[in-house]
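Asker: Each protein sequence line maps, in turn, to chains A and B.
The opening position of the first sequence corresponds to residue 1 in the numbering used here, with each subsequent residue numbered one higher.
The opening position of the second sequence corresponds to residue 1001 in the numbering used here, with each subsequent residue numbered one higher.
The hints are simulated quantities; they were obtained by calculation from the structure and are not laboratory data.
Beta carbons: idealized from backbone N, C-alpha and C, even for Gly.
Possibly wrong hints are sitting among the right ones.
Quick partial rundown of chain A residues pointing at chain B, CB under 8 Å, derived from the structure [unchecked claim]:
| id | residue |
| --- | --- |
| 1 | Gln85 |
| 2 | Ser90 |
| 3 | Glu110 |
| 4 | Gln147 |
| 5 | Gly155 |
| 6 | Ala219 |
| 7 | Lys223 |
| 8 | Ser227 |
| 9 | Glu291 |
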Amino acid sequence: MPMGHTATEKAGSGGLTATEHRLANGLRVVLSVDPLTPVAAVCLWYDVGSRHEVKGRTGLAHLFEHLMFQGSAQVKGNGHFELVQGAGGSLNGTTSFERTNYFETMPAHELELALWLEADRMGSLLTALDDESLENQRDVVKNERRQRYDNVPYGTAFEKLTAMAYPEGHPYHHTPIGSMADLDAASLEDARAFFRTYYAPNNAVLSVVGDIDPEQTLAWIEKYFGSIPSHDGKRPPRSGELPVTMGGQLREVVEEEVPSRALMAAYRLPHDGTREADAADLALTVLGGGESSRLYNRLVRRDRSAVAAGFGLLRLAGAPSLGWLDVKTSGGVEVADIESAVDEELARFAAEGPTPEEMERAQAQLEREWLDRLATVSGRADELCRYAVLFGDPQLALTAVGRVLDITPEEVQAVAQARLRPDNRAVLVYEPTAADDSADNDEEADR
Amino acid sequence: MSDATTREDLAMSEMTFHPQPRGGAPRPWAFPAPERGALPNGLTVLRSHRPGQQVVAVEVDIVAPLETEPAGLDGVATIMARALSEGTDRHDAEEFAAELERCGATLDAHADHPGVRVSLEVPASRLPRALGLLADALRAPAFPESEVERLVRNRLDEIPHELANPGRRAAMALSKELFPASSRMSRPRQGTEETVGRIDAAAVRAFYDAHVRPAAATAVIVGDFTGVDVDAALADTLGAWQGSAAEPVAVTPITADGTGRVVIVDRPGAVQTQLLIGRIGADRHDRQWPAQVLGTYCLGGTLTSRLDRVLREEKGYTYGVRAFGQVLRSSAPDAPGGSTGASMLAISGSVDTESTGPALDDLWKVLRTLAAEGLTDAERDVAVQNLVGVAPLKYETAAAVAGTLADQVEQHLPDDYQAQLYARLAETGTVEATAAVVNAFPADRLVTVLVGDAAQIAEPVRALGIGEVTVVSG
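So here's chain B without its partners, still in its complex pose:
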């Protein structure tokens, strides 16, 4: 220890300190503008050449809202998405998986409120081969009865694991609480034990026949295309997919009950309480979205935001609490009846059981102080610098660019939406950002879900007066 002290002294005496450096001139960067086109079969194609990105990302958006699942068959979209890769007209399920992996590719498919998303990643040199497999999966899935049955059983086995996960359990409870029971949004995206149990190959085939066709789909393809004939590869693969013309899919407007209240999902003995505090708000078509992004960042975007400054860095109640806005579903702004989109606005994190009451108390104080005093110009400036500044980092990989382009398509946004968002963030002032975040997170109209030990947390939470407290079993 003594020699170590000497070293500290040395450090103090010897290290030469310099003033904080100032940055140089920013080098130009812009969110990539994709090239938009269509294949003769009606498939929309967006492509973006990203030099250096040797792993190409392909995202296929299929318009098939969960709301269109037949009554009592929640989860059929999920099972169909998974069954796409379980055998085609050319390969059985095991061969298909082996062929994909032979390309060094990954293929994922999942169903969410707006539709089904199929994601492929593959080294550029093997793109044509992998696109062939992707096209087979979309064009001619076999949906063998035994594979569908296996996927159903597998899905039933997954459900208890999801219910045991505090974060997933909280998300399910919040959806159930916020949306009317008649709304598909109130129920788990991938179905319940009851509904999944009813799904068979015929139901999967029927959902496929109703929704999966090139005219109702968009493929986004991003990566380094040097030496790859993308046109030929697409024509030979996704170009061979055939189907009828797309009919518009009508969806019902999203409504929610935003009365301030608390639901505790009881987990006796839990060492932490999972918090999920939310409500619904407008989607990205709303003009206030950029201001809301900015304000939400200031509230809970990072560990130097208002929530973590108190809950983590001052009090040590948590490893981190985040505020965010996530689009649930959007429709085209010119759709009949106007826009019916919405997003989930939420604050999420875990706190130790004992600190649950004090942590919520502090969280509400942060919200009330924000409403009363607003954001500071300095906070707004740092937030803009971060949100705009990180764009070149955030969009380094092909997968990141493809994901955002596919989200834009799914949400009926123009292809230059993200590029414009950066411009608008830079123009947004402190007053606008304050108004947007206060409007997004009103202290008296938030639904709070707590997954934790009710015996320990219910009383302290009741005492806070943040709404009526109900306890449900875990």
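This is chain A alone, in the form it adopts within the complex:
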């Protein structure tokens, strides 16, 4: 009964449709009409992320994202923010391992302004980019790093885990925020070269979703973006290929001033876009998603050895995905006790597979998460870009939830057996000290 318990008739697509277009300069365009609310979301994904960065220049993709808000030929200073907000819109940009996105949600009658602004910076950023902007945004990004990672307990855990899970030299070895030293080293010429290499219409996907007239929208896109020249100088990122499993357990113990012991681990999982990735998502949900999961029931409810316990999935297309375990211990409980309980639960799950009730719950949870993501025009615009950039087909966004509901218990068990093993993980242990130096994470770095 693969689709037996779906909450919605069309399994989450809610009757959504999207049309695809391509300008002569290579810019791919995805349009989706939804007249229910008078708003329109514009989302632009550039196919460049921290995986394209080179040694010594980590953090450049994200720093560059900040520079995209510092003005272009016809937009002065902070004009991008001022004009969008002044029109009643909201906006931002984020940088991840695999892409950089820029987005505006506008009252529908101000859609044309957002398109004009995005085109202006895609075509003419370098005419406005100067040292003053770079120096200023370098300081802003360094303060972003301090605020989100360095000045927060366990703040650098994700950075440490990815550094172990993806070996030295691998394009995902470092996270998008970059290192302080590399942020210091970035030059205006680096920024210019980065723009010239990656910020081209043929390296981007533009989606527009909401209360729009598709013909008019397409005409505006042609008018503003159509004359921006394409460019083929982009080098593909270094290969993200790795063996299917790690082939051994990696381990790092961190002694820092943190409030409690912690056991974290990164498991190497299948690439996004595969049935195995969806199966892994369900496995992690059964094991560590929500308050009826196996690990929560075991560690938080029954053993009472943890204050919080869960699994997260970082889906990646260009490298193996990452399953992230995070357990904070209760009182004086030792990490070893938590670790043996976790291993026991993972081994039992691999041996038994999920129960029918667990499958139903996990699928219902993931379905609701999809409905949440598709509940806003901006969420839909982002998902359409994601599937276009990473998998070449935006339509896949509209059927994603159906694919999750199609996974069988046997597939979930198989991925658990193959991947959720001690010899396929990097372990990070925190032992608290009373000294002074401590440091949460995110795969994304907001502007």
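Since the structure of chain A is provided, determine the placement of chain B on it from the hints.
Answerer: For chain B alone, coordinates are given in the frame of chain A:
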């Protein structure tokens, strides 16, 4: 690089520039007017049908101010709120969590100064089932001793994590500093190690018996109800909840010491200083609220506001500093003794340790310049356009609409408050907005909390003359 230069040249020579477009005619949108009613058991119900919103949001407001927690039991409201979902007359704690997740639902409950809020989100097709679970939690919680004990231990384990978080630590320090020690507002909302340790199942049951009843509660329900018989679903679920009539709950007026001063919470070696600069002001019943919203936006609502224009975009001291007003608690305007509500007015952000003195100096200059010169008409216009213009975006989801409607109920505001607020923002002039924000953030009557490395920041901060500096341990 050379071919890249060519491309830039090409770009310059080939891209055709067009003048900035002008917007079209705005399409009509209004904040949804909910349908208000009541069930036979006394439960007030607000509902709003939002086409397309397949995830329905339900918010239940229960009048149970933190101030009514028994002496020495701070945190009992929080533990009770959490214990609502830890077993009922039909399911034990694990089964209840499993049943909720089987619906694809989330259920959160928390206690704040005005009362307890329970929030449910669920796909519309499973609304009746999830409403049944919500009703069980409110109507017949089991409060098993072992689960309450577990929640207490879990809460005790959370406290060190909160104290370690610079933002949370700053908020606790500011409350302690602003309000008299006798006021519940001076103490952490979710209790301290000492008070939480004393909470048991009997105390939780007693707090429930004193406050949780349909006549003292309001349910807000928002989403796409196509194909859902909401009346039948409510009658079968929340309609079965029984309880005595509600008695009015009296609360004491909120007072605070607004003498300008600085408290440093020492964090040796911290690479940043967390700033929280605040005082208290009137609540939304005050006629100046819309003007204050407008002025506060101009001061620190976004990165093009006055504070970030200097502190972030000119100086690079911070990732961002925001000014805001947040209602602490309100009472009905016709309550005996008049309105006793108040809000927290604050400026918050983090700056690198070395820049702490210069950043505060600039922050105070921004406040003094604002007081001396006022806002410009252009600033006011952009702020109105943004605050009013973003409404259809902000209220796209059912959860956003339900949250605002529930806040209105909790703050004793009329159901059309938000809709009227937009109308009033549009009428508010520059002079009014200036007066309101200057009154909200007077440079000499702000309490500053800094969580950071005292050895490095105390001296530069003393030199600023923004008030007496006290250092407390982190």
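Asker: Now, for every hint given, state plainly whether the structure supports it.
Answerer: Evaluated hints:
no.	hint	result
1	Gln85	holds (5 Å)
2	Ser90	holds (6 Å)
3	Glu110	holds (4 Å)
4	Gln147	holds (5 Å)
5	Gly155	violated (10 Å)
6	Ala219	violated (12 Å)
7	Lys223	holds (7 Å)
8	Ser227	holds (4 Å)
9	Glu291	holds (4 Å)
Checked against the numbered hints above, the structure breaks hints 5 and 6 and satisfies the rest.
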